[in-house]
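*Asks:* Sequence:
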Amino acid sequence: MQIQWRRHEIFLAGIIACCYILSVWVRDSGVPPAMLEDIYGSSFKRSGMPFNYIRNVGGPETLMAIVLFTGHLLLNLLLTKRSLFQQNIVKLLPRLALIFLLLLGGAFIVQYFEEQYLYHGSNSYRHSLTYAFARGGKAIIHILVVYVPYLLLRELIIHYLEREHGHRSFRIWCTNHLTAGATAYFAIFFFAIFFELLRIRAFMVVYCYAIPPLILGFYVCLFAFSRHKGAQLFKQKQDLLRYLTQLQVLVLAFDLWYVIVMEAGRHFVPFLIIVTLIQLIAAPTMAWLVYNIQRSKIDMLQGLQAELGQTQASLQSLRAQINPHFLFNALNTIYGLALQEGASQTAEGAQKLGEMMRFMLHENAQEKIPLQRELDYLRNYIHLQLLRTQLAPSIRIDIQLPEKVPTADIPPMLLIPFVENAFKHGISLEKPSFIRVTLTVHEGSLFLDVHNSIHQRSGEDTERMNNGIGLVNVQKRLELLYPDRHELIIRAGVHEYFIHLTVQLN
28 MQIQWRRHEI
38 FLAGIIACCY
48 ILSVWVRDSG
58 VPPAMLEDIY
68 GSSFKRSGMP
78 FNYIRNVGGP
88 ETLMAIVLFT
98 GHLLLNLLLT
108 KRSLFQQNIV
118 KLLPRLALIF
128 LLLLGGAFIV
138 QYFEEQYLYH
148 GSNSYRHSLT
158 YAFARGGKAI
168 IHILVVYVPY
178 LLLRELIIHY
188 LEREHGHRSF
198 RIWCTNHLTA
208 GATAYFAIFF
218 FAIFFELLRI
228 RAFMVVYCYA
238 IPPLILGFYV
248 CLFAFSRHKG
258 AQLFKQKQDL
268 LRYLTQLQVL
278 VLAFDLWYVI
288 VMEAGRHFVP
298 FLIIVTLIQL
308 IAAPTMAWLV
318 YNIQRSKIDM
328 LQGLQAELGQ
338 TQASLQSLRA
348 QINPHFLFNA
358 LNTIYGLALQ
368 EGASQTAEGA
378 QKLGEMMRFM
388 LHENAQEKIP
398 LQRELDYLRN
408 YIHLQLLRTQ
418 LAPSIRIDIQ
428 LPEKVPTADI
438 PPMLLIPFVE
448 NAFKHGISLE
458 KPSFIRVTLT
468 VHEGSLFLDV
478 HNSIHQRSGE
488 DTERMNNGIG
498 LVNVQKRLEL
508 LYPDRHELII
518 RAGVHEYFIH
528 LTVQLN
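Sequential numbering from 28 applies to the sequence shown in the numbering used here.
Hints are supplied without guarantee of correctness; some may be wrong.
Derived Cβ-Cβ restraints for the label pairs, each shown as a range [as the list claims (entries may be wrong)]:
id	residue 1	residue 2	range
1	G75	V173	33 to 41 angstroms
2	V117	L49	40 to 48 angstroms
3	P60	L100	29 to 37 angstroms
4	I481	T97	51 to 59 angstroms
5	I81	G132	14 to 22 angstroms
6	R400	F474	32 to 40 angstroms
7	F127	F230	33 to 41 angstroms
8	Q502	L49	47 to 55 angstroms
9	Q332	A124	40 to 48 angstroms
10	H204	R415	18 to 26 angstroms
If you are wondering where the hints come from, they were derived from the structure by calculation, not from laboratory data.
We put the beta carbon where it would ideally sit given N, CA and C, even for glycine.
Let the sequences and hints guide you as you build the complete structure.
*Replies:* Structural data, given as structure tokens:
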């Protein structure tokens with residue numbers, strides 16, 4: 028999900044350019060040619076030059092609108108996929124230079140034909156072109172001085188809003204709707220300017236006074252609800268008072284603007300009071316309704332994502348199981364043969380492996396399982412690994428798991444990958460190695476620390492390819508299943524690897 032601010036701005040720029048071009052030709056469509064020559068061609072007459080409306084007025088103004096829109100379009104297309112702060116500046120500069128040259132060339136052509144009378148009869152044709160180029164460049168620089176700071180501010184805001192933190196989806200949704208609403212509002216506003224609708228007092232009052240505070244108040248309230256999770260805002264009196272004050276100041280500012288600019292008399296006071304009350308009531312009401320509708324949709328989507336992640340994790344865990352019943356029978360056969368031959372460790376290993384496979388087949392398909400069952404599976408896995416490493420004196424393994432834990436449920440295979448990763452990368456039969464695993468449950472929170480050595484493996488890591496859930500998938504599952512209720516710290520050094528996981532179980 029991405030912020031659509033740039034696309035909305037491109038659309039608005041296109042609307043403004045079209046309205047401007049249309050207004051230019053509609054403005055003078057009913058004026059006789061002789062009168063057009065009197066209005067626009069007097070300077071041409073004085074310099075002894077023939078005047079043509081299309082060549083000297085309509086055409087240049089149309090071309091200027093097209094050039095500005097094209098430059099704006101190209102500039103924003105460069106930033107659509109990556110923000111300004113993610114771009115390679117060295118590669119970006121030549122493209123920006125080409126856009127600037129396009130604007131400069133368009134401004135030069137427009138300036139030359141609009142003020143062609145200034146260059147007629149000049150002794151130096153080169154001097155005339157230089158003068159036109161300078162005047163066109165000055166106009167473009169004035170536009171860039173205004174637009175570039177806005178562009179930098181916009182990219183900074185987008186970069187801040189798209190960060191992976193908090194209610195990112197809802198934050199982006201609010202921003203996209205705000206920019207879409209602003210696009211529609213300013214499109215109508217510029218249409219009204221170009222076609223002189225603002226001269227109608229009723230339209231001016233409603234569109235420039237009544238609607239803006241209503242829209243801004245709506246988004247202030249919507250942001251407040253999203254930040255404080257809806258109804259919880261009403262429990263935080265200081266924050267509620269702050270947002271109500273912001274809303275009231277916003278509405279009263281437009282009241283003051285209306286009184287000063289429109290020179291409203293006393294007879295407008297009742298009208299102002301009624302409109303102000305409507306704005307103060309309507310903005311929070313609409314924001315509350317929209318918040319609840321969108322919050323329910325986002326919660327449903329996150330729930331579906333969590334279920335999808337759970338299903339994918341289960342499928343990945345079961346992928347290695349081919350005909351489980353056949354494998355269980357084979358393990359039972361190996362277990363019996365090992366007991367007959369007196370190989371107690373082999374028999375114990377086969378028994379632990381069978382218990383682990385039953386866990387993966389039956390309980391791993393469930394949404395949640397008791398924490399005690401997850402620890403039992405963890406013990407069986409560690410026991411199998413100890414059978415492999417117990418004869419190596421250079422390997423130190425310290426496992427501290429509680430025998431009993433409080434009653435709590437967690438998603439299956441949530442803790443195993445961290446220990447699995449430690450045994451896979453932390454054990455070498457040729458070099459000194461260590462693994463320390465500590466798990467505790469205190470006041471409704473689970474704490475897991477895994478500290479191990481690191482030994483680089485050469486060649487293709489087939490165990491990694493065929494293994495269960497990777498750490499990346501576990502991080503995604505934690506974000507989906509325990510949003511704002513977990514902390515995962517990973518420190519990877521050259522020779523050591525450390526993981527600390529905290530999960531709020533209740």
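*Asks:* Is the gap between the beta carbons of F127 and F230 within 33 to 41 angstroms?
*Replies:* Roughly 38 angstroms apart at Cβ, these two residues keep to the hinted range, so it holds.
*Asks:* Would you say the C-beta atoms of H204 and R415 sit inside 18 to 26 angstroms of each other?
*Replies:* Since the Cβ atoms of H204 and R415 sit about 57 angstroms apart, the hinted range of 18 to 26 angstroms is violated.
*Asks:* Range first: 40 to 48 angstroms. Now tell me if the beta carbons of V117 and L49 are that far apart.
*Replies:* 41 angstroms, holds
*Asks:* Has the hinted range 14 to 22 angstroms been met by the Cβ atoms of I81 and G132?
*Replies:* 20 angstroms, holds
*Asks:* Just to be sure I understand the hint, the distance between the Cβ atoms of Q332 and A124 should be within 40 to 48 angstroms; is that true here?
*Replies:* 44 angstroms, holds
*Asks:* A range of 32 to 40 angstroms was offered for this pair. Does it hold for the Cβ distance of R400 and F474?
*Replies:* 19 angstroms, violated
*Asks:* That 47 to 55 angstroms hint for Q502 and L49 (C-beta), does it hold up?
*Replies:* 54 angstroms, holds
*Asks:* Could you check the hint for me, namely that I481 and T97 are 51 to 59 angstroms apart, CB to CB?
*Replies:* Holds, since I481 and T97 (Cβ atoms, about 54 angstroms apart) stay within the stated range.
*Asks:* Should the hint that P60 and L100 are 29 to 37 angstroms apart at their CB atoms be regarded as holding?
*Replies:* Holds - the Cβ-Cβ distance for P60 and L100, about 35 angstroms, lies within 29 to 37 angstroms.
*Asks:* Does the Cβ distance between G75 and V173 fall inside 33 to 41 angstroms?
*Replies:* Cβ of G75 to Cβ of V173: about 38 angstroms, so the range 33 to 41 angstroms holds.
Consistency with the previously given hints fails for numbers 6 and 10, ordered from lowest to highest.
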